[in-house]
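Enquirer: The residues making up each chain are set out below.
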Amino acid sequence: MNETEIRDRVIKTLSGIVPELDPHTLKPAGNLRDQLDIDSMDFLNFLIALHQEFKIDVPESDAGKLGSIDACVEYLTQALRQRAQA
Amino acid sequence: MPRLGADMTAGKVVKWLKQPGESIKRGDIIAIVETDKANVDVESFIDGVLEKILVQPSDDRLAVGTPLALISAEAGAAPAAPTATPTAAAVPPAAVVVPEAVTPAAAPPAVVPAAPSPKKPAPTVAGARARVSPAARKRALELQLDPAALAGTGPQGRVTLADVERAAQGAPTQPGPAGPVAVKEAPTQPGPADSAAARQLRMREAIAAAMARSKREIPHYYLACTIDMKTALDWLTERNAGRAVTERLLYAVLLIKAAALALREVPELNGFWIDNRAQHSEAIHAGIAISLRGGGLVAPALRHADRLSLDELMRDFQDLVKRARAGSLKSSEVTDPTVTITSLGERGVDSVFGIITPPQLALVGFGTPRERPWVVDGAVVPRPLLSATLSGDHRATDGHRGALYLAALDRLLQQPEAL
Chain A
1 MNETEIRDRV IKTLSGIVPE LDPHTLKPAG NLRDQLDIDS MDFLNFLIAL
51 HQEFKIDVPE SDAGKLGSID ACVEYLTQAL RQRAQA
Chain B
1 MPRLGADMTA GKVVKWLKQP GESIKRGDII AIVETDKANV DVESFIDGVL
51 EKILVQPSDD RLAVGTPLAL ISAEAGAAPA APTATPTAAA VPPAAVVVPE
101 AVTPAAAPPA VVPAAPSPKK PAPTVAGARA RVSPAARKRA LELQLDPAAL
151 AGTGPQGRVT LADVERAAQG APTQPGPAGP VAVKEAPTQP GPADSAAARQ
201 LRMREAIAAA MARSKREIPH YYLACTIDMK TALDWLTERN AGRAVTERLL
251 YAVLLIKAAA LALREVPELN GFWIDNRAQH SEAIHAGIAI SLRGGGLVAP
301 ALRHADRLSL DELMRDFQDL VKRARAGSLK SSEVTDPTVT ITSLGERGVD
351 SVFGIITPPQ LALVGFGTPR ERPWVVDGAV VPRPLLSATL SGDHRATDGH
401 RGALYLAALD RLLQQPEAL
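Residue numbers (this note's numbering), protein chains in the order written: chain A, 1 to 86; chain B, 1 to 419.
A hint or two may mislead.
Derived BS3-like pairs: lysine-lysine, alpha-carbon spacing no greater than 25 Å straight-line [what the hints assert, rightly or not]:
| hint | chain 1 | residue 1 | chain 2 | residue 2 |
| --- | --- | --- | --- | --- |
| 1 | B | K230 | A | K65 |
| 2 | B | K52 | B | K25 |
| 3 | A | K12 | B | K322 |
| 4 | A | K12 | A | K55 |
| 5 | A | K65 | A | K27 |
| 6 | B | K230 | B | K15 |
| 7 | B | K52 | B | K15 |
| 8 | B | K25 | B | K15 |
| 9 | B | K322 | A | K55 |
For the record, the hints were derived by calculation from the structure and aren't laboratory data.
Make the full structure from the sequences, and use the hints.
Expert: Given below as structure tokens:
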């Protein structure tokens with residue numbers, strides 16, 4: 001899975017939580033909570049949806065590393081790479 | 001048309017899920033009704049047979065109290081409510097389902113005779129509020145208006161005959177005896193009735209009506225206390241550390257459970273103010289304030305919040321938020337809350353002093369836990385401090401009882417493993 005594909009799937013997953021999300025105005029480096037007005041329940045549901053989409057379980061201690069789209073892509077790219085090597 | 005929430009005055013029938021001739025059990029979902037806030041699954045409160053559907057799904061907004069269907073109670077089925085016995089009605093012994101939000105969960109819902117005579121109209125919402133003059137109440141019922149939903153201009157906000165007549169001008173004239181009552185769209189509503197903007201506007205109006213009523217009628221008192229959340233948050237972090245993302249607890253669940261358990265210790269905060277007196281509820285159904293995307297909020301019930309384990313509570317909480325935001329709730333969830341819990345901790349608010357949802361007796365509010373200096377064993381240490389607040393109805397309770405409640409809440413949160 002290349003980075004563009006991961007990015008598309010992250011945004012698609014997030015759209016399931018935030019239906020009105022507009023990928024064109026979403027700032028990739030911007031904070032998700034601030035941009036999309038999501039709360040901790042939305043964020044947990046986002047992590048659950050990512051888990052379903054990528055089969056990656058983000059530990060609680062890493063949740064803070066997924067604050068923006070860019071950060072999610074970076075985290076997942078690395079996690080998928082590690083899994084492939086394992 | 002059941003009253004699905006204190007702020008509801010009208011709704012649309014979206015769909016029937018049972019057909020005439022079908023047997024129904026108490027708790028079965030018989031129809032979907034669209035309120036200003038959500039699509040609500042309407043549950044039957046009796047066992048019986050659906051005899052006849054009186055209103056087909058349409059865009060017409062029907063006033064609360066409008067008969068929607070006839071249900072005949074089965075012999076030996078759940079006892080019919082004693083409030084009304086089908087007597088003079090021309091139609092066979094059938095009952096029209098008119099559940100009432102303001103009825104405490106323990107009491108049987110109101111049942112009115114089918115085909116009400118003009119002298120005894122269907123809506124049974126009267127009695128929900130005391131401050132309606134008898135003449136106004138009579139006239140409102142003749143017009144099939146909900147007197148409790150009208151803005152009163154009389155002394156102490158009393159709804160007068162003039163208020164009813166004024167409201168009637170914006171509402172339909174005398175309807176046929178059995179005909180459904182369509183409620184005119186307010187002239188301020190732009191565009192089609194089902195547009196997002198119109199819906200948003202109606203939600204705002206519903207919230208406005210409920211909150212204005214609360215501030216008009218309920219003499220609130222407000223209390224606050226600071227709770228050291230270190231023990232609870234440390235416990236939660238440890239508990240969540242090894243768990244898969246699907247099995248984690250949100251911090252809000254601890255607050256909900258503790259708030260519900262504390263009500264067992266001060267039960268007079270749990271229930272309703274009806275007919276000029278407090279009616280306490282044994283069951284603790286926590287109405288959780290859930291903000292909706294695009295604005296507005298709902299506060300549906302997490303039923304029996306005090307009895308569920310934290311994992312069960314988390315599961316139900318997740319499901320409730322999901323459905324509330326998708327606009328799909330059950331009628332019992334909308335009508336059952338015996339208390340409201342609101343947390344504005346997501347956005348850095350220090351404290352929230354909430355407005356009680358009528359006819360409830362109290363609202364519990366939580367702010368953001370923040371790292372602040374705190375004195376522990378004579379030393380100043382940094383601790384995550386949370387402001388918990390209580391808004392109480394002073395007609396029902398006094399500040400002293402409220403203070404005991406907050407003290408209980410604090411104590412319960414110091415023992416998270418026991419929640």
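Enquirer: Each hint should be assessed against the structure and marked as holding or not.
Expert: Hints, verified against the model:
no. : hint             : verdict
1   : B/K230 <-> A/K65 : holds (23 Å)
2   : B/K52 <-> B/K25  : holds (16 Å)
3   : A/K12 <-> B/K322 : holds (18 Å)
4   : A/K12 <-> A/K55  : holds (15 Å)
5   : A/K65 <-> A/K27  : holds (17 Å)
6   : B/K230 <-> B/K15 : violated (49 Å)
7   : B/K52 <-> B/K15  : holds (14 Å)
8   : B/K25 <-> B/K15  : holds (18 Å)
9   : B/K322 <-> A/K55 : holds (22 Å)
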